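Q: Each chain, letter by letter, is given below.
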Amino acid sequence: MANRSTIKIRSKHFPDYTLVRTLIAHTMETGRNKNQDTKALIPAHFIQTLTFKHNDKVVSECHMGFGISKNPFFSFKIKQAKLGDKITISWKDNLGFSDSKDHIIQ
Amino acid sequence: MKFLILSLLVLSSFTAHSTPAGDSQALRDFYQQQFPTIEFSEYADGVYAFDADSKAAWLDIKQFPPYEFSLETGKILFNRPFSNKSQYADCFANKGIAIAQLYPYWDETKQSIITLASAINDCRLKNKLPALAYESDEITYLMAYMADTSRGLFINTRLPKSALPAYERGKAYFYQRRGQLNFSCASCHVDNAGKFIRSEILSPALGHTTHWPAYRLKTGKLGSLHTRFKVCNRLIRAKVHEAQSTELRELEFFLSYLSNGLPMNGPSIRK
Numbered sequence: 001m002a003n004r005s006t007i008k009i010r011s012k013h014f015p016d017y018t019l020v021r022t023l024i025a026h027t028m029e030t031g032r033n034k035n036q037d038t039k040a041l042i043p044a045h046f047i048q049t050l051t052f053k054h055n056d057k058v059v060s061e062c063h064m065g066f067g068i069s070k071n072p073f074f075s076f077k078i079k080q081a082k083l084g085d086k087i088t089i090s091w092k093d094n095l096g097f098s099d100s101k102d103h104i105i106q
Numbered sequence: 001m002k003f004l005i006l007s008l009l010v011l012s013s014f015t016a017h018s019t020p021a022g023d024s025q026a027l028r029d030f031y032q033q034q035f036p037t038i039e040f041s042e043y044a045d046g047v048y049a050f051d052a053d054s055k056a057a058w059l060d061i062k063q064f065p066p067y068e069f070s071l072e073t074g075k076i077l078f079n080r081p082f083s084n085k086s087q088y089a090d091c092f093a094n095k096g097i098a099i100a101q102l103y104p105y106w107d108e109t110k111q112s113i114i115t116l117a118s119a120i121n122d123c124r125l126k127n128k129l130p131a132l133a134y135e136s137d138e139i140t141y142l143m144a145y146m147a148d149t150s151r152g153l154f155i156n157t158r159l160p161k162s163a164l165p166a167y168e169r170g171k172a173y174f175y176q177r178r179g180q181l182n183f184s185c186a187s188c189h190v191d192n193a194g195k196f197i198r199s200e201i202l203s204p205a206l207g208h209t210t211h212w213p214a215y216r217l218k219t220g221k222l223g224s225l226h227t228r229f230k231v232c233n234r235l236i237r238a239k240v241h242e243a244q245s246t247e248l249r250e251l252e253f254f255l256s257y258l259s260n261g262l263p264m265n266g267p268s269i270r271k
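Protein chains in written order, with this note's numbering: chain A, 1 to 106; chain B, 1 to 271.
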């Protein structure tokens, strides 16, 4: 699964706004969960920043903690987007992993 | 009193001769009478046929279903060749595509019920691979992919004569009261279907086998029909039969027969 993107993006263009929805595959471990077999704590592993760009301009930067659910889902409403505009969503977690994906509104 | 005894006798003689087709029709007529506004095909949506608000929320989640990553994984697992170059597709009719609606079925030679999960494990054993645990993520993802290819097709559970005893046992399991709370499956899903149990609506038995595996918002992952059976038994404080045990397979067979003609819409989402 190494080559699969962890980000899925879908958008819907309405007359007065554009709805962009994203689903991110991430374990979002809090650091308080225990391994059922060994009873050892599972190290914290969660997304710290989620960046939402519209035509390479940062529109929103979300600072997240471990309180966000596994495989988080976000939706954004943006007003100025036109068909053919580029949306970039990227995340970075506390262990230094990151991913990014581009999406064209259509 | 005499009339009552007579009518009881008539009733019992009638039920003794009930046929599977008759059972199915009787249940459909019962729901039709209880919920005249609900179309037959809507029973595939379970409780969401009963409440417009929760249906709207459900449809909204379905626009971008949370099980998509699991479904993709299922597709990759399904198409990954085994070490002997064979793959899952070789074990199934039509390469495993659009066949989930035919399960469970009665196998004449084995004299047992074959469910989709057991067929997947049979395939692995045939290829000298260890069987998967029945509630593991891997088998659930595989089932999700196979169910997805059958989306929109109609449940078609055939009932040959030799399968009748298994059907009858499944039916008996469904109507048998058990557990500390002394509930049968039918107590909730026939007698009280569509009513509230605390804040939740009880689903009708018709359509129970259409939408598996289902992503439960409560557990945050895909789970199988047998996992749900186990939860039901635990909630009524009865003996919890293992997933894919004979009892639960017979129950699945019975329920699947009742749901004949409903469209498959798994994997789906449930609260």
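No lab work stands behind these hints: they were computed from the structure. Remember, predicted model here, so these are calculated numbers, not experimental data. Treat the hints with care, as some may be off.
Subject to a maximum C-alpha distance of 27 Å in a straight line, what follows is the list of computed BS3-like cross-link-like pairs (lysine-lysine) [what the hints assert, rightly or not]:
1. LYS271(B) x LYS34(A)
2. LYS218(B) x LYS70(A)
3. LYS271(B) x LYS8(A)
4. LYS62(B) x LYS239(B)
5. LYS62(B) x LYS86(A)
6. LYS55(B) x LYS8(A)
7. LYS75(B) x LYS101(A)
8. LYS218(B) x LYS230(B)
9. LYS218(B) x LYS39(A)
10. LYS39(A) x LYS221(B)
11. LYS55(B) x LYS70(A)
12. LYS62(B) x LYS34(A)
13. LYS239(B) x LYS195(B)
14. LYS221(B) x LYS92(A)
15. LYS101(A) x LYS195(B)
16. LYS12(A) x LYS62(B)
17. LYS82(A) x LYS62(B)
18. LYS221(B) x LYS101(A)
19. LYS62(B) x LYS53(A)
20. LYS70(A) x LYS75(B)
21. LYS8(A) x LYS79(A)
22. LYS8(A) x LYS221(B)
Q: For every hint, state whether the structure bears it out.
A: Each hint tested on the structure:
no.: 1; hint: LYS271(B) x LYS34(A); in the structure: holds, 25 Å
no.: 2; hint: LYS218(B) x LYS70(A); in the structure: holds, 12 Å
no.: 3; hint: LYS271(B) x LYS8(A); in the structure: holds, 23 Å
no.: 4; hint: LYS62(B) x LYS239(B); in the structure: violated, 34 Å
no.: 5; hint: LYS62(B) x LYS86(A); in the structure: holds, 25 Å
no.: 6; hint: LYS55(B) x LYS8(A); in the structure: holds, 24 Å
no.: 7; hint: LYS75(B) x LYS101(A); in the structure: holds, 22 Å
no.: 8; hint: LYS218(B) x LYS230(B); in the structure: holds, 15 Å
no.: 9; hint: LYS218(B) x LYS39(A); in the structure: holds, 23 Å
no.: 10; hint: LYS39(A) x LYS221(B); in the structure: holds, 22 Å
no.: 11; hint: LYS55(B) x LYS70(A); in the structure: holds, 24 Å
no.: 12; hint: LYS62(B) x LYS34(A); in the structure: violated, 32 Å
no.: 13; hint: LYS239(B) x LYS195(B); in the structure: holds, 25 Å
no.: 14; hint: LYS221(B) x LYS92(A); in the structure: holds, 24 Å
no.: 15; hint: LYS101(A) x LYS195(B); in the structure: violated, 45 Å
no.: 16; hint: LYS12(A) x LYS62(B); in the structure: holds, 15 Å
no.: 17; hint: LYS82(A) x LYS62(B); in the structure: holds, 25 Å
no.: 18; hint: LYS221(B) x LYS101(A); in the structure: holds, 24 Å
no.: 19; hint: LYS62(B) x LYS53(A); in the structure: holds, 25 Å
no.: 20; hint: LYS70(A) x LYS75(B); in the structure: holds, 21 Å
no.: 21; hint: LYS8(A) x LYS79(A); in the structure: holds, 21 Å
no.: 22; hint: LYS8(A) x LYS221(B); in the structure: holds, 17 Å
Checked against the numbered hints above, the structure breaks hints 4, 12, 15 and satisfies the rest.
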